[in-house]
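Enquirer: Place chain B on chain A using the hints.
There are 2 protein chains.
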Amino acid sequence: MSEKKQIMECVPNFSEGRRLDIVEKIVDAFRGVEGVRLLDYSSDKDHNRSVVTVVGEPIPLRIAVVEAIKRARDLIDMNQHQGQHPRMGAADVVPFIPIKNVTIEDAVALSRSVAKTVGEDLSVPVYLYEKAASSPHRENLADVRKGQYEGLAEKMTDGARWTPDFGPSTPHKTFGAVAIGARMPLCAYNVNLATDNLEIATAIAKKVRYLGGGLRYCKAMGVELQDRKQTQVSMNLTDFTKTSIYSAFEMVKMEAARYGVAVVGSEVIGLIPQQALLDCAEYYLGIENFSIDQVIENRIAED
Amino acid sequence: MSEKKQIMECVPNFSEGRRLDIVEKIVDAFRGVEGVRLLDYSSDKDHNRSVVTVVGEPIPLRIAVVEAIKRARDLIDMNQHQGQHPRMGAADVVPFIPIKNVTIEDAVALSRSVAKTVGEDLSVPVYLYEKAASSPHRENLADVRKGQYEGLAEKMTDGARWTPDFGPSTPHKTFGAVAIGARMPLCAYNVNLATDNLEIATAIAKKVRYLGGGLRYCKAMGVELQDRKQTQVSMNLTDFTKTSIYSAFEMVKMEAARYGVAVVGSEVIGLIPQQALLDCAEYYLGIENFSIDQVIENRIAED
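Chains A and B are the protein sequences, given in the same order.
Counting the first sequence from 1 gives a position; our numbering is that position plus 762.
Counting the second sequence from 1 gives a position; our numbering is that position plus 762.
Chain A with its partners taken away, still in its complex shape:
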């Protein structure tokens, strides 16, 4: 058997969601590159922003991501940018996510290496964030981005607190700055409740989430499903290897019981790592000594 192929994901966000010809030119950096696969991209006019999902082996992925950031630098002028979504740069935020045969530490190393190149070769100031952050106050993206593009120049002069990790210590005059970092895959997972009472869904969400004393890697809120006359607890699980989908499901069920509310089902939104669902099958069936390599498709995909 050959060495196992490493797969990293990257979900760069670009501050252009209206001029689709510009978006295509940026996205083209991920097309036709050996070892890189463009999975998805979508543009939002109100946000004036595009989100790209791409996976690949670390080295070719690294090269393609730097190229896309370079194109954003050359094609987007943040002085002209308006949109509802907070943003501070032409490429605004660039997270790397470990998918297969790579660890979060590998994702951190890759994000730092990309950050160095972007800072030094592209002359764009870079903040490392989340798991790659150089300091705890830089972990949270909202804090890093606070003040947005327009406030960058002032922010960067506020002592060493917001000196960029790489690149110049003043904003790039058309790009601004970019946040580059590493995080675990997100699982967007919702549990539907047999009640149309949003207060109940919200109360359950508050008990289940980290902020309310619930699960460590769980964000949650109550949402109305008007068509179905139901509500749901809408969750983001930010590290499924520690806060499992089945834990979130069972905890919603447990909290719902005090209101006499039944759980009618659940849903997985968008993409999800295979292991997150296999963990649930293992839990409910009490499977002993299972390895993901027993899944025949994984054996086929190995080389």
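Keep in mind the hints are simulated off the structure, nothing from the lab.
Hints are supplied without guarantee of correctness; some may be wrong.
As the list claims (entries may be wrong) - Cut-off 30 angstroms, straight-line C-alpha distance, at most; resulting in silico cross-link-like pairs (DSS-like, lysine-lysine):
#1 766/A to 787/B
#2 766/A to 893/B
#3 893/B to 878/B
#4 787/A to 767/B
#5 766/B to 1015/A
#6 766/B to 767/A
#7 767/A to 787/B
#8 1015/B to 1015/A
#9 832/B to 878/B
Expert: Relative to chain A, chain B alone:
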């Protein structure tokens, strides 16, 4: 996106498990072939038999399987063969199994095409069996193989009942005959019980399996786990798309309850299709509208 890659599995059994140099020569037919991947092979001296697991795209897989059968024809003399396992040919049984982006009908078509080539070009008589069988009395492999190699000549003269589907109507003088067919992937799945009483495990197995009025695609027997002082219901699920793993698990639990016996866990033996486990996660979490394409690894493996 490119057209989805088709993956078929083949698990040919060869009547040689002692002379490993011969086994290697046969297995070599699956090595270094573009579009074909040798997953596993093992030889049993008592059975004097080797089992190969190989996957691939239908066309290259077809060519490699025919080549392996040809090598078995040229390297094995069934007149010299002795072993505990029933057998009727040098390549004894060759099932094709749909894995990905192929149906059981595709597996039937592929097995018939291989059978035609083996019969006509290699001059080996072929019986189609299981889902590929040309008649209901040929579906069950044990019936097709009854009388074994030594009884073939007589069996073939018994009217039209056992005339081969392809190839000569007399046994090949060193090969014998081969059964080629199609089946769904097997799930070997065991549920462990908190009792060392084999009678209880056997009684539960009899209620859960098809033969005893239980689940349609379930074979089961009670087994002692002496080291653990436990017993288990050892099952083969012959079509997990119809008889699910979670159904088998829940039915064992239900039957065990009448004896006051707890289920302590379960185990998956060997390889298993991803969907078989995803079905369990979907069932226990009540997931709505889930598609296997939401698993990020599947999106990566697409091309």
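Enquirer: State for each hint whether it applies.
Expert: Hints and how they fare:
1. 766/A to 787/B: At roughly 27 angstroms apart (the allowed maximum being 30 angstroms), residue 787/B and residue 766/A satisfy the hint.
2. 766/A to 893/B: Violated, because 36 angstroms separates the two Cα atoms, which is more than 30 angstroms.
3. 893/B to 878/B: holds (16 angstroms)
4. 787/A to 767/B: Distance ~29 angstroms between residue 787/A and residue 767/B Cα, so the pair holds.
5. 766/B to 1015/A: violated (38 angstroms)
6. 766/B to 767/A: holds (20 angstroms)
7. 767/A to 787/B: holds (29 angstroms)
8. 1015/B to 1015/A: Holds. Residue 1015/B to residue 1015/A sits at ~22 angstroms (cutoff 30 angstroms).
9. 832/B to 878/B: It holds: about 13 angstroms lies between the C-alpha atoms, which stays within 30 angstroms.
Hint violations for this structure: numbers 2, 5, all remaining hints satisfied.
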